[in-house]
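Chemist: Each chain is listed here by its residues.
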Amino acid sequence: MTNVYIEGIGMTKFGKFIDKSMKQLLVEASIEALEDAGNPKVDAVFVGNFMGGSIGNQEILGALVANELGLGYIPTAKVEGACASGGIALRQGIMGILSGEYDTVLIAGVEKMKHASTADVTQAINAAMDNDSNEKQAGLTFPGFFGVLANRYFYETGATKEHLAMIALKNRENALNNSLAQFQKPTTMEEIMAARIITSPLGLFDCSPTTDGAAALVITRKKGAIHIRSSAQSSGPTQMQDADDLLSLPAVRESGRLAYEKAGVGPEDIDVVEIHDCFSMTEMLAIEELGFFNKREGWLAVEQGRTKATGDKPVNTSGGLLSRGHPIGATGVAQMYQLVQQLRGTAPNQVENARLALAQNLGGTGSYSTVHILERL
Amino acid sequence: MKVYQCDQCEYASVSNKYRCPSCGTGKLQERDVSSRGSVYSYTDIHIAPAEFAHLAPYTVALIQLEESKAKVTVRMDGNVQIGDMTELDHVEDGAYIYRKC
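Top line first, the protein sequences correspond to chains A and B.
Note that my numbering has the first sequence beginning at 1, numbered continuously upward.
Note that my numbering has the second sequence beginning at 1001, numbered continuously upward.
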């Protein structure tokens, strides 16, 4: 259990914003979170970001936020953990409050990717793989890793490409109700199944897009309505060939186990979930690793509609990374934005009477994972 | 094919580590094994980063070695299915290039 509460949330629209700088996106989300929290005094800032340096030539994001907002000469830092940068930034803020050093911390996450070419973005994303390895030299890509997992999953279970398409369709349908989501155009199973292949068996709709956007949170030790019951983080293998069980993401499983243990709850108690669906296949494995469904049976739950907003275990009511969008450093923070709305009763695809919520944020090909469990008091 | 085998437990990997990540106490010992193995899984990569774009589409496979618990990620010379038997053809820029056998 932590003594940390979420007091304010903010988020920009996700999409393509060529005319806005990374700083502008960060400031926009941060001001919204501060206003939502009633403009408290802030003791520290942690910013989640992955490729601001490599494709934006912009670092010192923590100090930029403090300076633009006039927060004073407080300590700040940028946190990098690939696609888990946002979740890890949040966790650093929680640790700072738990240590007694800070009372109130501003957490922000941002990425700006749409101005860069696909080749440059792909190259920058590959920084989240172990590049000093025979595996990288073989030409394995980020999506390729999840393609290899998917083919094995199909081989060992009764699942097919259609089950992945069901996940993509569900998340798109959820995004249609989320005005901040990147993709708001309806799609169909037929369109998803026929889309061009990125890395077999994954097609275009199985892969999260590149996105510009930012999200922010104000967390504090002052008791409020949204309690962070637990915060957990784990690492996992950095290479596919080192996986003990290819159909397992140990970082997800272990961070989930720790988060449940610290919160004193189990997967059966969770009312609403945001999962790191960088690929449809990642959501399939994560719903199993987090204990919502048995190993190698997640596809049955998907088929039965159990992870839809109307199901008994709603997953990615925001639209997820696949359709809300995936501004890498902002993603972990945006997951919390959706879950706080769920607990406040104001979310798109609102789950009735949601009390316990779980967010899982993944970095690399299973290299990092954070899990946070929230409770409405 | 070089693999690193734990001297305390069954763990094996194609990459060396300071200590065994499985049992936490063992040391990994270098061993030479046959490159032969079966395709554990694979993907055909159509969208590749700039440095591999000239090869696309190409197949990357995870091979379960015959003489070790270790698996190895390779680039295939041609298409494969899960279960196909394969072996090393040659090493190219640090990558293992495999072929069906």
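Among the clues, some could well be false.
What the hints assert, rightly or not - DSS-like mimics (lysine-lysine), calculated; alpha carbons at most 27 Å apart, straight line:
(1) K223(A) x K161(A)
(2) K161(A) x K222(A)
(3) K1027(B) x K295(A)
(4) K136(A) x K1069(B)
(5) K114(A) x K223(A)
(6) K1100(B) x K161(A)
(7) K1069(B) x K1100(B)
(8) K13(A) x K23(A)
(9) K295(A) x K161(A)
(10) K222(A) x K1027(B)
(11) K1027(B) x K136(A)
(12) K1069(B) x K295(A)
(13) K1100(B) x K313(A)
It is worth saying that the hints were derived from the structure and are not from the lab.
Model, not experiment: these values are computed from the prediction.
Chemist: Next pair to validate is K13(A) with K23(A); report whether the Cα-Cα distance is within 27 Å.
Modeler: Measuring from Cα to Cα gives roughly 15 Å; hence the hint holds.
Chemist: Are the Cα atoms of K223(A) and K161(A) separated by 27 Å or less?
Modeler: 46 Å, violated
Chemist: Does the structure keep K1069(B) and K295(A) at a Cα separation of 27 Å or less?
Modeler: 22 Å, holds
Chemist: Can you confirm whether the C-alpha distance between K1100(B) and K161(A) stays at or below 27 Å?
Modeler: 26 Å, holds
Chemist: Please verify whether K1027(B) and K295(A) have alpha carbons no more than 27 Å apart.
Modeler: Between K1027(B) and K295(A) the Cα gap is close to 31 Å, so the pair fails against 27 Å, i.e. violated.
Chemist: Between K1069(B) and K1100(B), does the CA-CA distance stay at or below 27 Å?
Modeler: 20 Å, holds
Chemist: Would the pair K222(A) and K1027(B) pass a check requiring their Cα atoms to be no farther apart than 27 Å?
Modeler: 49 Å, violated
Chemist: K295(A) and K161(A): Cα distance at most 27 Å?
Modeler: 18 Å, holds
Chemist: Between K1100(B) and K313(A), is the straight-line Cα distance small enough, at 27 Å or below?
Modeler: Roughly 44 Å between the alpha carbons, so the hint for K1100(B) and K313(A) is violated.
Chemist: For the pair supplied as a hint, K114(A) and K223(A), is the alpha-carbon distance within the 27 Å limit?
Modeler: Outside the cut-off at roughly 39 Å; violated.
Chemist: Has the given pair, K1027(B) with K136(A), been kept, meaning a C-alpha gap of at most 27 Å?
Modeler: Since the Cα atoms of K1027(B) and K136(A) sit roughly 25 Å apart, the hinted pair holds (cutoff 27 Å).
Chemist: For the pair we were handed, K161(A) and K222(A), check the Cα-Cα distance against 27 Å.
Modeler: The hint is violated at about 47 Å.
Checked against the numbered hints above, the structure violates hints 1, 2, 3, 5, 10 and 13; every other hint is satisfied.
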